[in-house]
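S.K.: Per full-length UniProt numbering, the sequence shown starts with residue 1, numbered consecutively.
Simulated from the structure, these hints should not be mistaken for laboratory data.
Computed from a predicted structure; not experimentally measured.
Cβ atoms here follow ideal geometry from the backbone N, Cα and C, with glycine treated the same way.
What you were told as hints is all true, and nothing was included just to trick you.
With beta-carbon atoms standing in for the labels, derived distance ranges:
id, residue 1, residue 2, range
1, Val801, His859, 23 to 31 Å
2, Arg175, Thr816, 49 to 57 Å
3, Arg884, Thr816, 43 to 51 Å
4, Pro24, Leu225, 29 to 37 Å
5, Thr419, Gln857, 30 to 38 Å
6, Phe410, Ser837, 36 to 44 Å
7, Asp107, Lys865, 41 to 49 Å
8, Pro24, Phe93, 18 to 26 Å
Cut-off 20 Å, straight-line C-alpha distance, at most; resulting in silico cross-link-like pairs (SDA-like, lysine to any residue):
id, residue 1, residue 2
9, Lys127, Arg109
10, Lys127, Pro106
11, Lys776, Phe822
12, Lys46, Val413
13, Lys303, Glu220
14, Lys110, Glu130
15, Lys303, Asp25
16, Lys761, Ile791
17, Lys97, Glu146
18, Lys128, Leu81
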Amino acid sequence: MKFNYRFSNLLGTVYRQGNLNFTPDGDSVISPVGNRLTVFDLKNNKSETLPLATRQNIACVGLSPDGNLAILVDNEGAAVLVSMLSKSVLHRFHFHKPVHSVSFSPDGRKFVITKDNVALMYHAPGKKREFNAFVLDKSYYGPYDETTCIDWTDDSKCFVVGSRDMSTWVFGAERWANLVYYSLGGHKDAIVGCFFEENSLDLYTLSQDGALCAWQCDTELDGLLPRLPKDTTASTKASSDNKPEAEDDVDDLEEQRGEEIHGKANPETAERAGKVKYSRLSKHFFNKEGDFNNLTAAFFHKKTHLLVTGFASGIFHLHEMPDFTLIHSLSISDQRIASISMNRTGDWIAFGCSGLGQLLVWEWQSESYVLKQQGHFNNMMSLAYSPDGQYLVTGGDDGKLKVWNTSSGFCFVTFTEHTSSVTAATFTSSGFVIVSASLDGTVRAFDLHRYRNFRTFTSPRPSQFACLAVDASGEIVCAGSQDSFEVFVWSMQTGRLLDVLVGHEAPISSISFSPVQTMLATASWDKTVRLWDMSDSWKTKETLSLNSDVLTVTYRPDGKELAVATLDGQITFWDPQNAVQTGSIEGRHDLQMGRKEMDKITAKQSAKGKSFSTLCYSADGQSLLAGGASKFVCIYHIQEQILMKKFEISCNLSLDAMEEYLDRRKMTEFGSLALIDDGAGDEDGVSLALPGVKRGDMSSRHFKPEVRVTCLRFSPTGRSWAATTTEGLLIYSLDSGLVFDPFQLDLDITPSSVHRTLRQKEYTAAIVMAFRLNEKALIREVLESVPSSEIDVIGSSLPGVYVEKLLQFLPFAFETSAHLEFYLTWAQRLLMQHGQSLKTRSGSLLPTIQALQKSIQNHFEDVSKLCDWNRFSMKYALALSRQRGMKRVADAPVSDEEDIEPSDSSMEDQSEDEVVQI
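Take these sequences, add in the hints, and give me the full structure.
M.R.: This is the structure we're talking about:
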């Protein structure tokens, strides 16, 4: 079993905060998700989360014009320069203050960031390696309050900055003689957006109260004059006065500040000096539908002159400028729209709603959604893989059940029938039925063919169901109750209650069915695990006594072992046949619980009371995955009972209980600064939780979420595992393509010797040598060199060890090769010829067979859709040819009718036969 699992993708969360960006080709949306960055490929219908993270939640993202570089800035002002090609971190920098926005110039040579009331312009990193990639060029002062937004002119000569002090400032990116800065007023609220017109200095400014001002400049972009060098006399005078050039700039600024106040310059002075002058053309107001319907986001597409504005009520408007013509208005959410962006052609509009964690891409011309994704806006509590590993189902505290495609990363169906938190969810053995339990007192079964709730199981008295299990046949459904200490058993076929299992004296915490027998294990807070024989009148077969409250129980895939996690931090292993304990693991010290901001004790003392709350066996049953209220997930080797590896699921300091030591600089005589400053009248602040309240009230107050792992599951293929965490659904998978992992390698086995053996047409020996080197490219080359007529002979002569290796390679070949029939022949011949010998190792080969089934099923769905499309296209073409033939017969003379009819009918019969044959 290999343990080199690496972060693969993040599902369940599509947007948190920050600004959205389209890639230069317009096919992908880049969305900040917590402290990570996700790229949604709209053309190929896939999503990918970059394998890098910042230390805090991402506040803003700046994308270079060529799309190769991105600057991620977190809430504390720490910036990360990321290569979008290699998906790696190139440079780290700290701005020491929270950054409000970052924007590259259109030529890609500079970028501007705004923090506090300052705009800082840096030289953009180039292609050469530098010690410091961020070199400060200029600092621009002007606003008296925090800056909010940036926009550049098309030629990168000037940029405009909006501020909370209701003013807008136009700055020259270079030293212009007639423009150093210009201040514009005219608004009564904070500036939300400011945008230049295409190839012009004319601009639009929008404020939070829904006002739009259009400003006209009397100077074109070509009219900006470069500052001439001072003459010899002036330079001599400057040198004699010992006055540096920086002070000259300050004098120029002060001179112009005296001329221009709040956008109104003295006309005579402006004409005399030839300075740039702005005048307001018009002022418009958006239709306000309530006192709290503030303008929250805006975007202006320069080529199409389209202005998109989003409001706090979830409504967005699309206007055509400069006439301010309303194209259409639509309500897309009931939460505030936090970010808006448009692609290069202006066809697609992306909206981000931070309140619901929602990401939408709207095509305004056809008025349809290109992408509509929303994660769980509350904690995810449960997780399950489908039997073939293609799908994932998650249940959350928001009462929703979502089904995700593991290959694309998108949610394709959401079930909202539950009215309270979903505590457990699982697939049946067929893979087309999902069963979920909820605190609303119902257990529901959903059909993935018709996407409907076809069964609802209830108890005689209302109960809150905390756990769920379905037997291997999919006919029996069991759910454990929190309040009545009972386990209810239903029939999937009839929906009737079959029995109620009683005996526990505390809430039921977990239940699990044996994969191979009709045995049910139930765990409870009464420090016992009971084994029920479902085939023998629902009787208790054994009772396992433990030293502490039992939190979770799970069976090994072969049903011969039981793993139990208790409140004292121990994991014990039991033989369910003989009710004998076979081993135990002390996992309390492996959790490494972090210290909360309001904790009075150290992290080491706090970890003594922590325990694992979720367990999962690997696909081969040799290792165990364990997680709980910690940022770590542990993999244990069961036979050796040792810790093999620990995975840090998050490094996001925006979550609580992350740091082992508290910063003493944050401690004051009144207590922690976290108790004093956070949420003091700020709209986006973090308010304190009430005493004893673990989960915040989403409608009235904010809270700092605590990092925890609520559920862990291994993929049936064994190539990946998933975890529902505070940040979302994290998927870790094996990346063995970069690892050199030979098998029984000798000195005389080299790629050249493999090619030499292949030229001699010794195919069996070449295959064995290629698998010993274990390089996928070489294995694929050798296999595709084998003639299809000799697959039978070579497959039968392969040793059993290499048959297993070849079966493990086939899923990779299906995904990367176009020779579908060739590899299907290999799979069929190997399974037919070596089926009996493979049955003896069915337990260890189960992940391999399931990976093969997943790949074949994927291709079957793709090819079947293509065949259906072609079949319908041929039917349409045939019907069209018949219609034309009948028209030609009707228009022909009577004398030619007898000659035309036989040929026409024979042509139709022949076409029908061809369609049926295809």
